[in-house]
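Asks: Sequence:
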Amino acid sequence: MATDEQHRPEAAAGAPVKVLVIDDSQTIRRSAETLLRSAGYAVVTAADGYEALACVVEEAPDLIFIDIMMPRLDGFQACALIKAHPRHAKTPVVMLSSKDGLFDRARGRLAGADDYLTKPFTRDELLGAVRALSAGPR
Numbered sequence: 109m110a111t112d113e114q115h116r117p118e119a120a121a122g123a124p125v126k127v128l129v130i131d132d133s134q135t136i137r138r139s140a141e142t143l144l145r146s147a148g149y150a151v152v153t154a155a156d157g158y159e160a161l162a163c164v165v166e167e168a169p170d171l172i173f174i175d176i177m178m179p180r181l182d183g184f185q186a187c188a189l190i191k192a193h194p195r196h197a198k199t200p201v202v203m204l205s206s207k208d209g210l211f212d213r214a215r216g217r218l219a220g221a222d223d224y225l226t227k228p229f230t231r232d233e234l235l236g237a238v239r240a241l242s243a244g245p246r
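The numbering of the sequence shown is my numbering, which starts it at 109 and goes up by one.
Hints are computed from structural coordinates only; laboratory data are not their basis.
A portion of the hints provided could be inaccurate.
List of simulated lysine-lysine pairs, PhoX-like, C-alpha gap at most 20 Å [unchecked claim]:
#: 1; residue 1: K198; residue 2: K227
#: 2; residue 1: K191; residue 2: K126
#: 3; residue 1: K126; residue 2: K198
Note that this is a predicted model, so its numbers are computed, not measured.
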């Protein structure tokens, strides 16, 4: 199994995989950003769903982590809007929630989410989700 130092994630043309982290909690955003950057990923962050939509268009991330409960535009709504756009429909989206409920998981799938992580997530869970979802063709 490759360590983070051996595994330098790369998207097309040798660029690092770009991950967008969307959460209204600055603590969660910074934590995820630190863990992802230390593993060699490029990271962009957004504080809410509206800001996230602009980031998706401007940054074209390879993978998106999005909190469910956010003001103005929640994670389910933002995920559905991202997945409805033909250019971003295949971008993997991982829902983040402090609840580990079956209903939220099912609602996330209906919105187009590819995976679900419960907060607080571990380093291994976060990096494992990125590796699993950014490995395949887009």
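Asks: Please work out if K191 and K126 have their alpha carbons no farther apart than 20 Å.
Replies: holds, 17 Å
Asks: Holds or violated: are the alpha carbons of K198 and K227 at most 20 Å from each other?
Replies: violated, 24 Å
Asks: Does K198 lie within 20 Å of K126 when you go C-alpha to C-alpha?
Replies: The given pair, whose Cα atoms are some 14 Å apart, holds under the 20 Å limit.
When held up to the earlier numbered hints, the structure conflicts with hint 1 and nothing else.
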